[in-house]
Amino acid sequence: MKVLAVLCALALSCAAQNVAKRGEQVFAKSCATGYCHGVRGASSGAPRLAGRGFNQAYINNVVTRGIPGTGMASFATALPPADLKAVIAYVAMLNGIINPEAGSDGVEVPVPSGPALTGEAARGQRLFKEAVRGFGRCSTCHEVAGSGISVAQPIAQVPASVAAFKALATPDVKTGAIGDESMPVLVLSDGKQGTLFYDLTSAPPVERNAEPGSVKFSDGSAWRHASVIAAYNDAELAAILAYLRGAIKP
Amino acid sequence: MRFRLILLTSCFLLTSSSPAQDAGPTHADWPHYGGTQFSWRYSALDQINTGNVKALTPVWLFQTGDYAENLQTTPIVENGVMYLITARARVFALDAATGREIWNYRYPEPGRSVPGFVGNRGLAIGDGKVFFGTKDNYMVALDQKTGRLVWRVNIDDARQCGCNVTAAPLVVKDKVIVGGTGGDGAHRGYITAFSTKNGRLAWRWYVIPGPGEKGHETWKGDSWKFGGGAPWLTGSYDPALDLVYWGTGNAAADFYDADRVPAGADKSKDINLYTASVVALEADTGKLRWHYQEIHDDQWDWDSAYEVLLIDREIRGRMRQALVHMNKSGITSVLDRATGELLGVFSVPEVQTWISGITEDGKLVGRVEPKLGKTTTVCPTAAGAKSWNSMAYSPRTGFIYVPVNELCEDITPNNAAADEGQNYMNGAFPLKLAPGRTTYSHVDAWDPVTGKRAWSMPYKYVLLASMLATAGDLVFTGNPEGEFYALDAKSGNKLWSYQTGAGHRGGSATYAVNGRQFIATSTGWHVSVVGGAVQALFPDQDWRLGSTLVVFALPELSQ
Numbered sequence: 001m002k003v004l005a006v007l008c009a010l011a012l013s014c015a016a017q018n019v020a021k022r023g024e025q026v027f028a029k030s031c032a033t034g035y036c037h038g039v040r041g042a043s044s045g046a047p048r049l050a051g052r053g054f055n056q057a058y059i060n061n062v063v064t065r066g067i068p069g070t071g072m073a074s075f076a077t078a079l080p081p082a083d084l085k086a087v088i089a090y091v092a093m094l095n096g097i098i099n100p101e102a103g104s105d106g107v108e109v110p111v112p113s114g115p116a117l118t119g120e121a122a123r124g125q126r127l128f129k130e131a132v133r134g135f136g137r138c139s140t141c142h143e144v145a146g147s148g149i150s151v152a153q154p155i156a157q158v159p160a161s162v163a164a165f166k167a168l169a170t171p172d173v174k175t176g177a178i179g180d181e182s183m184p185v186l187v188l189s190d191g192k193q194g195t196l197f198y199d200l201t202s203a204p205p206v207e208r209n210a211e212p213g214s215v216k217f218s219d220g221s222a223w224r225h226a227s228v229i230a231a232y233n234d235a236e237l238a239a240i241l242a243y244l245r246g247a248i249k250p
Numbered sequence: 001m002r003f004r005l006i007l008l009t010s011c012f013l014l015t016s017s018s019p020a021q022d023a024g025p026t027h028a029d030w031p032h033y034g035g036t037q038f039s040w041r042y043s044a045l046d047q048i049n050t051g052n053v054k055a056l057t058p059v060w061l062f063q064t065g066d067y068a069e070n071l072q073t074t075p076i077v078e079n080g081v082m083y084l085i086t087a088r089a090r091v092f093a094l095d096a097a098t099g100r101e102i103w104n105y106r107y108p109e110p111g112r113s114v115p116g117f118v119g120n121r122g123l124a125i126g127d128g129k130v131f132f133g134t135k136d137n138y139m140v141a142l143d144q145k146t147g148r149l150v151w152r153v154n155i156d157d158a159r160q161c162g163c164n165v166t167a168a169p170l171v172v173k174d175k176v177i178v179g180g181t182g183g184d185g186a187h188r189g190y191i192t193a194f195s196t197k198n199g200r201l202a203w204r205w206y207v208i209p210g211p212g213e214k215g216h217e218t219w220k221g222d223s224w225k226f227g228g229g230a231p232w233l234t235g236s237y238d239p240a241l242d243l244v245y246w247g248t249g250n251a252a253a254d255f256y257d258a259d260r261v262p263a264g265a266d267k268s269k270d271i272n273l274y275t276a277s278v279v280a281l282e283a284d285t286g287k288l289r290w291h292y293q294e295i296h297d298d299q300w301d302w303d304s305a306y307e308v309l310l311i312d313r314e315i316r317g318r319m320r321q322a323l324v325h326m327n328k329s330g331i332t333s334v335l336d337r338a339t340g341e342l343l344g345v346f347s348v349p350e351v352q353t354w355i356s357g358i359t360e361d362g363k364l365v366g367r368v369e370p371k372l373g374k375t376t377t378v379c380p381t382a383a384g385a386k387s388w389n390s391m392a393y394s395p396r397t398g399f400i401y402v403p404v405n406e407l408c409e410d411i412t413p414n415n416a417a418a419d420e421g422q423n424y425m426n427g428a429f430p431l432k433l434a435p436g437r438t439t440y441s442h443v444d445a446w447d448p449v450t451g452k453r454a455w456s457m458p459y460k461y462v463l464l465a466s467m468l469a470t471a472g473d474l475v476f477t478g479n480p481e482g483e484f485y486a487l488d489a490k491s492g493n494k495l496w497s498y499q500t501g502a503g504h505r506g507g508s509a510t511y512a513v514n515g516r517q518f519i520a521t522s523t524g525w526h527v528s529v530v531g532g533a534v535q536a537l538f539p540d541q542d543w544r545l546g547s548t549l550v551v552f553a554l555p556e557l558s559q
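Line by line, the protein sequences are chains A and B.
Under the working numbering, think of the first position of the first sequence as 1, with each following residue one higher.
Under the working numbering, think of the first position of the second sequence as 1, with each following residue one higher.
I should point out that these hints are in silico values taken from the structure, not numbers from a laboratory.
From the three backbone atoms N, C-alpha and C, an ideal C-beta is built for every residue, glycine too.
Accuracy of the hints is not assured; some may be wrong.
Chain B stretches covered by chain A per the calculated footprint, using a threshold of three residues with CB under 8 angstroms from any CB of chain A [to be verified]:
1. 145-153
2. 198-209
Computed list of lysine-lysine pairs in DSSO-like fashion (alpha-carbon distance at most 30 angstroms, straight line) [unchecked claim]:
3. B:374 / A:21
4. A:129 / B:214
5. A:129 / B:197
6. B:220 / B:371
7. A:21 / B:129
8. B:267 / B:374
9. A:129 / B:220
10. A:249 / A:129
11. B:460 / A:216
12. B:267 / B:363
13. B:371 / B:267
14. B:371 / B:432
15. A:174 / B:197
16. A:192 / B:363
17. B:129 / B:173
18. B:197 / B:173
19. B:173 / B:287
20. A:166 / B:225
21. A:174 / B:129
22. B:460 / B:54
23. B:225 / B:54
24. A:129 / B:225
25. A:216 / B:145
26. B:145 / A:192
27. B:214 / B:173
28. B:374 / B:432
29. B:374 / B:269
30. B:129 / A:216
31. B:287 / A:129
32. B:173 / B:220
33. B:267 / B:287
34. A:192 / B:129
Quick list of the computed label-pair ranges, beta carbon to beta carbon [to be verified]:
35. A:51 / B:369: 29 to 37 angstroms
36. B:212 / A:53: 52 to 60 angstroms
37. B:342 / A:233: 44 to 52 angstroms
38. A:172 / B:212: 36 to 44 angstroms
39. B:211 / A:116: 25 to 33 angstroms
40. A:230 / B:267: 37 to 45 angstroms
Okay, chain A solo, but in the shape it has when bound (with noise of 0.2 angstroms):
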């Protein structure tokens, strides 16, 4: 990196050449890859970045919000804060802007809060949303944390133990009847345009509209948490409260 030491002695402190460093590889992961920026913001199909006159506030504003309706998605919380903040450095580097610190001229950068999860609560988060489960791991009901699909209500209370996790009421899933049809249903919205809900019959649960009025509701169902999240080990389970305890603020 010749031009970036250059910088380094005529400009930037060392703390922002290594800012600038990380936001190259940053770049080159995330932005310079595909059909994309291409390298060093030469282009690759989607606009290039170098040399565009761009100024401070609208890279910050492009990178974390995106462009709706293009191929420009929000870097908001894709990418970690440290890393979001250094690509947004080093777009404005690559726009003559010497001494970029990203949200320094007033616009606020929203990045998620909080610091990386370790031990047994990143196990656990791991474990919430890991990939080769499928359809049995929990973020096809929950979402915590922007991460999943919310079924369910947001969790407000976290189990104190992994037995109290298993003996889980679940008061809100219902009995739905339509016509010889017989399911475990979490009610969306019941109304005169027509009755929305869950179907919780087998998962991932699919969200079902009726004509008004078709659906008989009655309270209690077979359906259990329990049985849903037998996938998981006893081990696995507590991991995962560790996670929720973190990640959800009563």
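On the provided structure of chain A, position chain B as indicated by the hints.
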């Protein structure tokens, strides 16, 4: 003389009876993305033909109003009603004779944090419903009569997998089957089937076998977990064999293989199964019946995800139930669709530098592989000797009709580690024009049995729209400049053209209502991904955006 012989062979074909001969062509309806489940994009309608096509005229058009990424869809027609989907999943039911809107449905705009490209290549119908996939990775079913939502199910968390659906689903019996994107991401691709009735999961087939499954040993370490292979287009179905056919994507990382290929692997044998392959799955269970890997260790993003044409032809003296499949390299395989046996192979681009050739039994010769720390120039490109748009097949000529592009690229790989749901191409590949040429694409007619090109019509820019063939011996397609045109299926001569006003990047269909044949085509250039990448090669061109369906017919008096 060769040409006449081929035509005689074709006449013989017409008189022979075979399942594909009956199931391949469409008639009054255009019920599937590929015409029929055999994916020929060929209609038996011949009211519009070589003798009268000059009189073809626009009769109605439909402005979708969705200009996000323009119109890539192939319209579906059943019983005089057309179903159309736009980039942002706005769905329309139209009177197919007049364009009058019957109903519309607007899928809620996903949040900004959902990754992936905007775009939708088509919908499917069946069981009284209209099915489509979404940017936020749901499969959705609407009531076909009213457009009312019936059910919706999440396929995977788009924010985590970096995947979603841009392809049209395929309805097979009581199931709707769909492939997803994410083939160039750190993601383990799969095909998923849902019950058409209630959206419940029927089966999921992972492209990459898990621990203990056959083929798992073709992956290094944990690379199988995020090894790509997503089957991002639409498959085919043969009811007689009850098999579903699908092409799978390349392995990820695309341009850097050291993290996924086991040490000492033999590159003349299967690697990273079942990526870069054509697979046959049992329709009821999703169980793998056979596979054929086209590119062992695909390091060029040749992506075998493209359409699969099911045809019956006499090959070396024996009638075969075959399939024809092309990947982005332009290598085209002809397989026995009951067994997966290779029956023939040929390559379509004129400029080909990534290999020196391919043997009769499908072995690649003289592979030019990308290398870490180097820039390697190859032709054709990851944008595709043919892009994702479909070819067509006419049983009357026996030819497949293919839009072929002549481009090259400079691949510079990197060795970044997999990061779930994030881009995992591991390389940049700026495109450039193939050297020493003045035209950079051509529409070709190839006989898949002989592997010979019958004719080729050059075009100066690129061709990225699907083909349509008809029993009127016509082949239709459009170009980026906005011209929609008809070629003589036997000679390639241009017989008719019409300037639609915007570039072509979608599909065409033909159908009949009350005995009148219509030709419908999607217009609107695609500004990003391949469309944007190739447009940058022609800086003096300003291909027009849009999102309009244009429909043609013969004037009523001349019928």
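Taking the hints in turn, this is what the structure says about them:
1. 145-153: holds (count 6)
2. 198-209: holds (count 5)
3. B:374 / A:21: holds (21 angstroms)
4. A:129 / B:214: The given pair, whose Cα atoms are some 26 angstroms apart, holds under the 30 angstroms limit.
5. A:129 / B:197: Between residue 129 of chain A and residue 197 of chain B the Cα gap is close to 28 angstroms, so the pair holds against 30 angstroms.
6. B:220 / B:371: Holds, because 19 angstroms separates the two Cα atoms, which is no more than 30 angstroms.
7. A:21 / B:129: This hinted pair is violated, its Cα atoms lying about 53 angstroms apart.
8. B:267 / B:374: At roughly 21 angstroms apart (the allowed maximum being 30 angstroms), residue 374 of chain B and residue 267 of chain B satisfy the hint.
9. A:129 / B:220: Holds - the C-alpha atoms of residue 220 of chain B and residue 129 of chain A are around 23 angstroms apart, at most 30 angstroms.
10. A:249 / A:129: Given that 30 angstroms is the threshold and the Cα spacing comes to 19 angstroms, the pair holds.
11. B:460 / A:216: Not OK: residue 460 of chain B and residue 216 of chain A at ~64 angstroms, beyond 30 angstroms, violated.
12. B:267 / B:363: holds (10 angstroms)
13. B:371 / B:267: holds (16 angstroms)
14. B:371 / B:432: holds (19 angstroms)
15. A:174 / B:197: Holds - the C-alpha atoms of residue 197 of chain B and residue 174 of chain A are around 21 angstroms apart, at most 30 angstroms.
16. A:192 / B:363: Not OK: residue 192 of chain A and residue 363 of chain B at ~64 angstroms, beyond 30 angstroms, violated.
17. B:129 / B:173: The given pair, whose Cα atoms are some 13 angstroms apart, holds under the 30 angstroms limit.
18. B:197 / B:173: holds (11 angstroms)
19. B:173 / B:287: With Cα atoms ~16 angstroms apart, residue 173 of chain B and residue 287 of chain B stay inside 30 angstroms; holds.
20. A:166 / B:225: This hinted pair holds, its Cα atoms lying about 29 angstroms apart.
21. A:174 / B:129: Roughly 27 angstroms separates the two Cα atoms, so the pair holds.
22. B:460 / B:54: holds (24 angstroms)
23. B:225 / B:54: Judged against 30 angstroms, a Cα distance of about 55 angstroms means the pair is violated.
24. A:129 / B:225: Satisfied, since the Cα-Cα distance of roughly 14 angstroms is no more than 30 angstroms.
25. A:216 / B:145: holds (25 angstroms)
26. B:145 / A:192: Answer holds: residue 145 of chain B to residue 192 of chain A is near 20 angstroms, not above 30 angstroms.
27. B:214 / B:173: holds (28 angstroms)
28. B:374 / B:432: holds (18 angstroms)
29. B:374 / B:269: Holds: residue 374 of chain B and residue 269 of chain B sit about 26 angstroms apart, inside 30 angstroms.
30. B:129 / A:216: Holds. Residue 129 of chain B to residue 216 of chain A sits at ~24 angstroms (cutoff 30 angstroms).
31. B:287 / A:129: This hinted pair holds, its Cα atoms lying about 26 angstroms apart.
32. B:173 / B:220: It is violated: about 38 angstroms lies between the C-alpha atoms, which goes past 30 angstroms.
33. B:267 / B:287: Given pair residue 267 of chain B, residue 287 of chain B holds - Cα atoms ~26 angstroms apart, limit 30 angstroms.
34. A:192 / B:129: holds (22 angstroms)
35. A:51 / B:369: 29 to 37 angstroms: holds (33 angstroms)
36. B:212 / A:53: 52 to 60 angstroms: With a Cβ separation near 56 angstroms, residue 212 of chain B and residue 53 of chain A satisfy 52 to 60 angstroms, so the hint holds.
37. B:342 / A:233: 44 to 52 angstroms: Holds, at about 46 angstroms.
38. A:172 / B:212: 36 to 44 angstroms: Holds - the Cβ-Cβ distance for residue 172 of chain A and residue 212 of chain B, about 38 angstroms, lies within 36 to 44 angstroms.
39. B:211 / A:116: 25 to 33 angstroms: At 28 angstroms between Cβs, range holds.
40. A:230 / B:267: 37 to 45 angstroms: holds (43 angstroms)
Of the numbered hints listed earlier, those contradicted by the structure are 7, 11, 16, 23 and 32.
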